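Working from the sequences, and respecting the hints, build out all of it.
There are 2 protein chains.
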Amino acid sequence: MKHNFNAGPSILPKEVFEEASRAILNFNDTGLSILEIGHRTPLFESVLNESVALMKELMGLDANKEVLFLHGGASTQFFQVPMNFLSKEKKAAYLDCGVWGTKAYKEAAQFGRVEVVASSKDKNYSYIPSGYAIPEDATYFHYTTNNTIEGTQMHHIPDTSVPLVADMSSDILSCSMDFNKFTFIYAGAQKNIGAAGVNIVIVDKKFLQSANSGLPSMLDYRQHVENGSMLNTPPVFAIYVCMLTLRWLKKLGGIQAIERLNNEKANLLYTTIEELPVFHLPVAKENRSKMNAVFTMHDAELEKVFLSRCKEEGMVGLSGHRSVGGFRVSMYNALPLSSVVAITELMKDFSNKYGS
Amino acid sequence: MKHNFNAGPSILPKEVFEEASRAILNFNDTGLSILEIGHRTPLFESVLNESVALMKELMGLDANKEVLFLHGGASTQFFQVPMNFLSKEKKAAYLDCGVWGTKAYKEAAQFGRVEVVASSKDKNYSYIPSGYAIPEDATYFHYTTNNTIEGTQMHHIPDTSVPLVADMSSDILSCSMDFNKFTFIYAGAQKNIGAAGVNIVIVDKKFLQSANSGLPSMLDYRQHVENGSMLNTPPVFAIYVCMLTLRWLKKLGGIQAIERLNNEKANLLYTTIEELPVFHLPVAKENRSKMNAVFTMHDAELEKVFLSRCKEEGMVGLSGHRSVGGFRVSMYNALPLSSVVAITELMKDFSNKYGS
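Protein chains in written order, with the working numbering: chain A, 1 to 356; chain B, 1 to 356.
Hints listed in this document are in silico derivations from the structure and should not be mistaken for laboratory results.
In this text, all values refer to a predicted model and were calculated from it rather than measured experimentally.
One thing to keep in mind: the hints can contain errors.
Since the list gives no way to pick one copy over another, a pair counts as held whenever it fits inside one copy or between any two copies.
[Unchecked claim] Derived lysine-lysine pairs resembling DSBU-like cross-links, with alpha carbons at most 30 Å apart:
#1 Lys205 <-> Lys106
#2 Lys56 <-> Lys251
#3 Lys121 <-> Lys90
#4 Lys106 <-> Lys123
#5 Lys250 <-> Lys181
#6 Lys206 <-> Lys103
Right, here's the structure in full:
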């Protein structure tokens, strides 16, 4: 029995693996593999249509929103968003809360003026800044809802009239929020939606009208919308895995149901760590991520011992990012509560043995 | 028993499907799915490294060549190549032999001067032009080695000192050629290499030094080379399927072995069609594609009858592209000879019944 705490690509529901494995041999009783069906067939069109419909239903999106499944990951969106919506005459506001947010604003600076309204770099991105002003004349305000590496998460939607652009790669579909408040959402699929190799974009139709012209076809959101995510051969299997995962989430009761489970997992983990003196939580309490819990040990020598104990118990993906060190427990939607129970029990045992 | 003549995504070897299906449940006896392993793990690094090594070995690439596995399909390369290597001061030469070649030069025109040296548009792209001159001052000469939609294929490498850039999406690894004569090769994987959702780029290291600076990171080949195709989370599963398919090809005897089989399949199909008066081959004989055979019927009414007979025999993917009409039999590497035997037998029966 493995416990997969990988930060992404990461655990997906067991029934998704089972169904995907079957579909590679025989998709929907066609006698064909999902890997060998044409993308311009009713077979695949129904996969894509259902994936789009499930995203809209689960997120409660209004009729003004378009959902795209595109090649690439969130890193592609870092430049594609400003390439479509910025220019040398326009300004975008960015919140800098970690490695990915930094990359996003640096890519944007090639296309227009960028104002970083606040940064938590001063404390190694261990908190989410507050009290900053978003300039009213900004074309959009960009932020990362959950910082996978640093273990912080924004638990509210900023109150502004400036169009909101959010990188939700690592917490999309994990907790309820009014997704319609966002003008543009993007997310690499490989955490809560599916496997690596596809990128989900949700864009407001009206905002799309303000996009720049004369872009390469594959970078032009409007062309992707006009072609229903089929401007070229889409990543068929990656989209199929999204569909299976979205079906699973719907069957489970949708975002509200998974949010309850995610809260339970995060509460159990954080309260356990708080009570154990050998561990240390570097992130500001109010900004703790429910998806990625980052922690270290006061005695760095013990970290290796703990990691090797985890390995013995079949726990994988626990090493913290090299920029942060220590450990990271990723608790995406598909991670069962039992895995969090297992690691918290191990932590308690470990603390009893080594804590003094 | 199905016969899959899809133009892409298309048939892959049966043992690739079987191995991929197992890996989705349990990859390399790790107890983890290939879909949930981290990309920065030795597990995935070995997949990527083996895929790169197999491409180099099978294609006999020299030490000056870099092999990349990138997000997107060939359509991404249509603009990424000129974005990296063209400018308003530079000129690129393009050969226009079909839908994809046309798209390629139109995307390029946004980045620099484009000279279309020859086109077969006058005859609905049913032949490959010859006798054209490639301007010596061109930064590169771009052509499509095999035209999937129109069923034509270039059976020689142009003799020029201008750097050669080739879109080999639909015939890469299908026949022997001196791949080192090319400065830049790209191919969407979903025909002869693997599943949809990954793009293979082979670039000359020296040529790469002439690339433009200041590009978005994800569009900058040099950054991908520096990061070994891991600039961001790569399409893990799509690359894994490439590795399995490349392993299969190597085991079979490599490109020379598959070329013999491909020649056998194409010869059987074309000679059969030539002998049957109900069918018509619109492509110039010397330019016929060994990957995609395009044909029509003299009596358009009979086409529906033939298609329905094919369907009864479990044959899929036979409709010609809407721009060409008729039929298309795609015979990629993984298509067994038995499928070509089956359709030629059916054609003979059909011709006996309906040919007069």
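Taking the hints in turn, this is what the structure says about them:
1. Lys205 <-> Lys106: both (26 Å within a copy, 27 Å between copies)
2. Lys56 <-> Lys251: Classified as within; 15 Å inside a copy, 46 Å across copies.
3. Lys121 <-> Lys90: So Lys121 and Lys90 pass the 30 Å test inside one copy only (25 Å; across, 42 Å).
4. Lys106 <-> Lys123: within (20 Å within a copy, 48 Å between copies)
5. Lys250 <-> Lys181: Within one copy only: 22 Å inside a chain, 53 Å across chains, cut-off 30 Å.
6. Lys206 <-> Lys103: Answer is both: 27 Å inside a copy and 28 Å across each meet the 30 Å cutoff.
Of the numbered hints listed earlier, not one is contradicted by the structure.
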